Amino acid sequence: MGSIEFEGRRVRVEAGDTVASALFRHGVRTFGRSIKYHRRRGLTCLTGDCANCLVRVDDEPGIRACVTPVRDGMRVEREGGVPSVERDLLAVLDRLHPLLPVGFYSKTFIRPRLAWTVAERLIRRTTGVGRLATDVRPRISQVRHLHVEVLVVGAGVAGLSAALAAAEDGWSVAVCDEGEPGWLVAPGPTLERIRSLARAVEETPSIATLWHHAAVGIYEGPLVPLAGPERLVRVHPERVVVATGALESLPAFRGNDLPGVWLGRGAARLAGRHGLAPGRRVVLVAETPEAAEHLDALRASGSELVAVLAVDGVPAPTAGPRVFRRGSLAAAEGRRGVRRVVIQTDGLSERIACDALVLSTIRLPRDALLRMAVDPADGSSRGTVTGAGEVVAPGCSLDQAAESGARAGRGEAVLASEPSTPAFGAAGFVCPCEDVSVVDLERAWEEGWRSSEILKRYTTASMGPCRGALCGWTLPAFVMARGADALAAARTTARPPVRPVRLEELAAGVHEVVEKRTALHELHVARGAHVDWSGRWKRPFTYGDWREEHRAVRERVSLMDVGTLGKFLIGGPDGRELLERVLPCRVASLEPGRCRYVAVLDEAGYVMDDGVLCALEDGRAYLTSTSGGAARMEAWLRGWADRLDLRAYVADRTSTLGAINVAGPLARELLSRLTDEAIDASSFPYGAHRRLRVAGVPCRAIRVGFVGELSFELHHSRSRSVELWTALDRAGADLGLVPHGLDALDVLRLEKGHAYLGQDSLPDDHPDKLGLGWTVAMDKPWFVGRIALQRMRELPLERRLVGLELDGDASSLRGMPLTLDGRVVGRVTSCARSPALGRSIGLGWLRAVDGAFPAVLRAGSVEARVVRTPFYDPEGVRVRA
Amino acid sequence: MGLKIPCPHCGPRPFLEFAFGGEVRGDRSPGPEEDFRRVYLRTNAPGPQRERWFHAFGCRRWLVVRRDTVTNRIDPDVGDGLD
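These protein sequence lines are chains A and B, in that order.
Take 1 as the starting number for the first sequence in this note's numbering and just add one per residue.
Take 1001 as the starting number for the second sequence in this note's numbering and just add one per residue.
Don't take each hint at face value.
Claimed, not checked - Examples of chain A residues toward chain B, derived with CB under 8 Å:
(1) Thr127
(2) Glu603
(3) Glu634
These are calculated hints, taken from the structure and not from any lab test.
These numbers were taken from a predicted model, which means no experiment stands behind them.
Even for Gly, the Cβ is constructed at its ideal location relative to N, Cα and C.
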């Protein structure tokens, strides 16, 4: 096979190798350095549970060597040592434990205050498990949603049995695993069983298999996100079967973190799977019947078994190694790795020379996912999540696991058994990730931190990259051993992620931005318009020179794409009744063919949105809203139709209709070139609307005037927008037509004193504050917000939107506070140098001072005088032309 | 994250498809005092609550469910989900 590059050297790899097995074969025993004391870290679990083999792969830090298959040409480096992992000068820290007490961060470098700033830099450099990659190519993860009835997490005997049983009962099933079925299992009866079950699963069409997808957590719903190789899969199952198995416990004894200390299944896997002997001379601790399998695998790989420490009831070999029936594991000794194991029997210590210590210890459930599904409110499982196999009955047999899985798959109750309490020694590391030892825990206990959760926070035990995989059970066992009550000795809260997940995977989907475009978007772009975000829409701000666009509107004729406006058709027997009740204006008196400006109030009487209401010939109504308020308006109208129990429908035509505003003194001239119908001022006056065929395109033309000139808003089928715009554009060429964008519009409407809701208004502006009191018909008995508005009208007006005349060029004063004798009494919300008026104008809100609104203020260094609006054409002669 | 809301038109869908419409309160009040309370004072009590949701990324219709604000359990027994 190929090779990988390991710290500058080429390392040959064999088929089926992981990074860990390839490096181990190459002679690597130290895979990294611990976070605090820089102790050597070697392979331990080989199941991706612990964090002892984190290496840097192709510049990506924190990769678990033991579960990462090799790829030809892969670049692997170890991290953490100065100058190198093998010769780490910082290992001196291991002799300075007294200087680095538990709770170190809370105790040292407190005074003088400057001490920490210096110390922190130093500490940051010496600790940590890797350098962050800064020049990586960003990858964008995709999200996939998967809806199944049953999700099985874990493809072991129990998990695969669950998937098969569920599929047999007719459920749609997905089964996921961090790797492939049996990938972590040494050859033997378990692996054979898994392989035959996996074959059956692959042959079952109703089971979807998601190999190499690790479940990150279980959220309510349930929702189970799976971190896959290229994307995040969000699974929305009805039921979840968690079959994540169990992990051997790492007992606390002196030297329990030395390279050469193995969990039994890991050692067996290295031996059986990769044919590598974990050591030449091995001491085995046998606490489970499975130890016999591990022993066979070790022997087959060429390890010599020198001693077995077997508990009662566990069979041990009768010939060969020394067998200890009584006695306890006191220590593992050695500098670079295990060299001796100390076994204590009846007060006598015996040292046995060896180079590997294999711990076939009691197994503890890998149950973080399962515990996440527990309802915090009442402690019950969220019903839909069950465990199966070793995760609920650690140490169960293969048949029991299969039975348990099948029951869980069918949705039946599963037999569970309590795990044994892990043994607790007097020394050694509890949390190898964070270098927390038994001594540290004892000291913290003496200092008064006396529950699992508090010890965790103070000592940082179980807060490392393995998320408590090794210490999640031993930390509470420590508290329990000191006689604390069950609550204090409860296990610490399980939180996602239970498996490492990249930030890019967590961020999957956030790049999916909704971008709305009108039908005319390409035309604008082709014309060289500056197109940018306006809410969710991409809209033209200017086609080059906004002043020229402004002039076209005021002096000639112009077009604007207003297809973004909210557009609604309201009908049904109670359609008009709905509008009468939800809009503050009079609706009944609006004759077909007429339209009216409406301010829409919420229940609190505040202005929520505004638009134009048209009464149609057939009794229905057509309502427009602001571009940003369209989605809310639709929901709001439908909500009131439901709440008032009215037979009305609301059809949202926002995305199916386009709209073009033809504005300017020559607008009529332009339209008359494209229509045969009479559109003179008497047959089509301001405030009217009608069907109009323009350039052969059927339109609903509305005579409104946001920009303050003669204008016709042409609403039409979106599919004909391009045709209509192009015809208007061509027909207006000799009239000096120039389309205008949002920049020009901002000044045009400001000259008319029209407020932009949201920019010029505040969330608690009722109509009077905006000068829109005239739109409200208080003589109607009821409309949404009427009671609140009436109540507010009884109080003096404390704030209102006013027109401002400013000195000098005030085009950059938006947001400037308005002051009176140095007191802030308002704010400029819009301002511009008006080309039509030749002076600076603005809008702003102003607070009443001593019951009156001041007339002369300062906006920064400039004088601002309150004037009446509109600034331009106050009589509205032009708009009515 | 994965809370599902039973939409009477679309079936159970992830709550991210919905917009929250608040607790179900009255629609009209007899007087200003009641109106103030209706508009501004939420019950905000832990436990079951009738509330409106708008299926924004679905049928774009409103529905009413009874949701326990502590456990997020949604009671399927509220009529057909329509108010």
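Next item on the list: Please flag the earlier hints that this structure goes against, numbers listed from lowest up.
Entry: Checked against the structure, the only hint that fails is number 1, while the rest are satisfied.
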